[in-house]
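Chains B and U, in that order, give the protein sequences.
So in our numbering the end of the first sequence lands on 149, straight run, no missing numbers.
So in our numbering the end of the second sequence lands on 658, straight run, no missing numbers.
Treat the hints with caution; some may be incorrect.
To be verified - Result set (SDA-like, lysine to any residue): computed pairs, CA atoms no more than 20 angstroms apart in a straight line:
#1 U:K579 to B:Q61
#2 B:K8 to U:D581
#3 U:K434 to U:L417
#4 B:K8 to U:A573
#5 B:K8 to U:L315
#6 B:K66 to U:A650
None of these hints come from the bench; they were simulated from the model.
Here is what each chain is made of, one letter per residue.
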Amino acid sequence: MKTIITDKTLLSGVLFLAIGTSFWIAAQDYAFGTLRRMGPGFFPSYLGAILAIIGLLMVVQTLIRKRHEAIPPLFLRPLLFLTAGILAFAALIDRAGLIAACLAAVLLSSQASRDTRLLESLVVAILMATFSVIVFIVLLGLPFRMWVI
Amino acid sequence: MDMFPNLSMGFGQALSLSNLMYCFTGVVLGTFVGVLPGLGAVTAIAMLLPFTFGLDPLGALIMLSGIFYGALYGGSTASILLNLPGTPAAAVVCIDGHPMAKQGRAGVALFMTAVASFVGGTISIVILSIAAPLLAQVALQFGAPEYFAMLVLGLLAAASLAADSLLRSIAMVILGLLLGMVGMDIISGMNRFTFGVPILSEGLSFIIVAMALFGVAEVATNLEARSGQGVPLGKPGWRSMLPNRDELRRSTGAILRGTGVGAALGALPGAGPTMSSFMAYSVEKRNAKQPERFGKGAIEGVIAPEAANNAAAQTGYIPTLTLGIPGDAVMALILGTLIIHGITPGPQVISTHPELFWGLIASMWIGNFLLLWVNIPFIGMWIRLLTLPYRWLFPAIVIFLCIGVYSISNSAFHLVVLGALGVAGYLLAKLDCPAAPLLLGLILGPMLEENFRRALLISRGDLSVFIERPISLSILIIAAVLLLLSVFAEIRRARRERHAALMESESTS
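Just chain U, same shape as in the assembly:
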């Protein structure tokens, strides 16, 4: 497969008027939800998903992806100006970004985060377009046992890397898998867990679950913390946005290191943009000649995480598009979009739908250029958006959630499910049970069951099929090692906690 003819074919697809429009809509909406704290890419993508049913798959993918990486561009704005992350992936930017704003260098921080996002994103697109086809070639030899093993590894990795408590996140994955069983069983055609409700035989839509857990529950949580007015903010002029020579010199290395960290972590299931931004920050701090500058407005601490989360966003597509294994909640929604449009996820996607893969890659190039344009000259507009009080905003979010859910199949029952799951999601969040593993389990559940059953059908019920095939065996060994490592990490932490508790009780007695 030659890359350049493919890329030019992709640009041919992405540059059509309608696809350009979807790309532009996506990145602007993405920046919008990214800038606004309390509204993230997952919610926005889930809300818009029902409206992309009518588009062709490429158009839908271009728009929803645009929201994703657009939100990462916008996310740092609120972190820098308000010390309040616009998206989880921009949380670490607060540490040095807000001090920069207090020193009157908000303009530089905003300008450099846009540049860092652009560099991280575009380098990572190149990696994606080289690595994905190669990986897909390898994965084409996979049969049902390998797929089952891959899915187990993906789910375990997502559970163990993403959250602090291993048991909780594994439980959430399994709960997701179980909820994925609701509806018609693909093999026997029998209805499971539908309690006689006919509409449930279509299954529990992941769109509703995503909107409930990341939309309703999130708004409810936000309303506890936030109150009062938006903050009035100044608008930085052009001159105040340009970094001085010293800042520029320190930035180059930081952006490249951040990109490296992000690109590597993003491709792993379970890591994703948020984790890579934190990792990039600690790499910068550890490598710095004067680590004491960090936390007081060091520009490296602002731009390395931003480069990292954008790099991670693009490489996150590698496992999603080649193996059908999404690394985080957003990628799970992108995978779900493919399924809705009748495309079976897996290594054959790139070869059977080359226009889809290369068109998406081309749209990412275009989208990143558009974002540079949307974010730098128009920064004043986005800052003004931050002055909108949340009390005007959240009822609008509720309306979008309702219309989004209702439009899936014009069923008011789905809205009742949304309300109920919203309450459940709020309680689970209070119990520190992470929502992303549940969503992953829900989307991957039917695939996991189908491949397990198919593998055993082929082997005539012999479980050793999973360990006799070398690829399947090695994937399962990696999964087991990963599980053991996280169990040890968990035990070590529990021990440290107990030690701390002991010390505390000794010092008080």
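Extracted from the complex, chain B is given alone in its bound form:
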């Protein structure tokens, strides 16, 4: 019984139940309308409710099942550094330009792997910054700023 809390189906069910209910609640702010003239709230209300019901079914399914399958271990390091790299790119692209954003994003995200060596990621970072400037700004002419001081 200990494993039921980490059961994959139970967790998915709870997740869908929560998301469905939130959408259903949020949709109550929009006009529901009638079948003849549906308002913007009609479709999301029903979909939210169906999603919540499916979530509930999954919870029930877990409760009656004897065998439970636990969620596999989550690896936080890759996720954390990949997200950090993306957020660094987001923070720098408007303020500091493409070159700085590329350098920061490569250096941060490469930490997601334990095999990364600093010197290697510096090389990859410089290569990617150069490549991006040449391809996206020079060749494709995208309106990115290269370098902002």
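Go by the hints and put chain U onto chain B.
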């Protein structure tokens, strides 16, 4: 509609210098991402989509399609040499492809997969160019109720065929539909679920969702499993690539059977290249005179799936281009590309944009020839690519994802959404919730809602409009039967599982 004048018109379009260049770029990029494990066609197409906004629709379609079928050519290389699928559709090739490589017959396997891909692809293009216009003719009579029914069938089929757990994949479809509601409501003009963020009123771009679920989450998952160096590999010479007479004899039938399986399954929503490659493998194994050879380097087990996945790739365009119903994630992106370029998907596409349809078909012929050339003489180059360690590669993927998302509308906020959805996608993958149904729901959501509301507007709120019209009724019946069948399959499996659990507990006690 005559096929040959149309085809020659299509070749006229596809052979223009710029379109040839897009086709070549597409198939080379496709082979590239196909060869590299951990980078698939969905991610690559989503990353490149923003850069095709400026092209004309045909150019964009030619390039993105080239990536798709190019990736299927490249996918088997890593399966054969490293026992590591380059794309999901090539996973089954590992079973017999890698043993062939261990026996020193990697060259033959690589050569024959390219040939099988070519034969499967080209036969299937012929089927596409005959079947699509016919189906479009029928579908031209569809009104809003029929469309709604078709969309329901398409989404249900995608959910029930593609994944192992019916409830999970239906939930993911609905989650996709709900995310598709974010933004301005088309009919009332009201903003929904935008939480006061102005940029969200444009809606949640499927490009960002695709890059998050198939890009960020995928890289995060790959980083758990993979570590260390790339593997040094030899380069097969020309002589070692040619099959002997016995292999050639066994190959012909296998390629044709694989093509048949792939072409048939590819046209169904939800099946797609991956499923057809597995199906083709089991057909070969069942038909074989000595099934015990399978798993030990039987050439049929390598080439039938390869022919099948390429055949499925081409026939997958039939429902996408004629009904506006994509069968898998890649087709959903292709459909999204049409929408972005202002083309309403549906049966009228072929008649109102003949240059687009026939130009695409012609480009597929050209692309398949190019791929034969790109894959056989240059195989050594692609093998060398496999020696690149993943730790150099994945930061580059992150940069491409970031630039791709940012260039959609030069908004840093979209990057924050990418990061957040990436985390969500990783968690969902851990919970075995499949991402493809969500993407399908997201892209088809607005169409589903619009047709439902329009159908009821016409019928003055009478729900029976869906069952009074014969086409709509029969489509809905098929959908209901499909749903029932998958529910039964699910129950049967649960029962078998419980039985197995019981047996296990008995034997241990």
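To see whether the hints hold, each was checked on the structure:
no.	hint	verdict
1	U:K579 to B:Q61	holds, 19 angstroms
2	B:K8 to U:D581	holds, 8 angstroms
3	U:K434 to U:L417	violated, 23 angstroms
4	B:K8 to U:A573	holds, 15 angstroms
5	B:K8 to U:L315	holds, 14 angstroms
6	B:K66 to U:A650	holds, 8 angstroms
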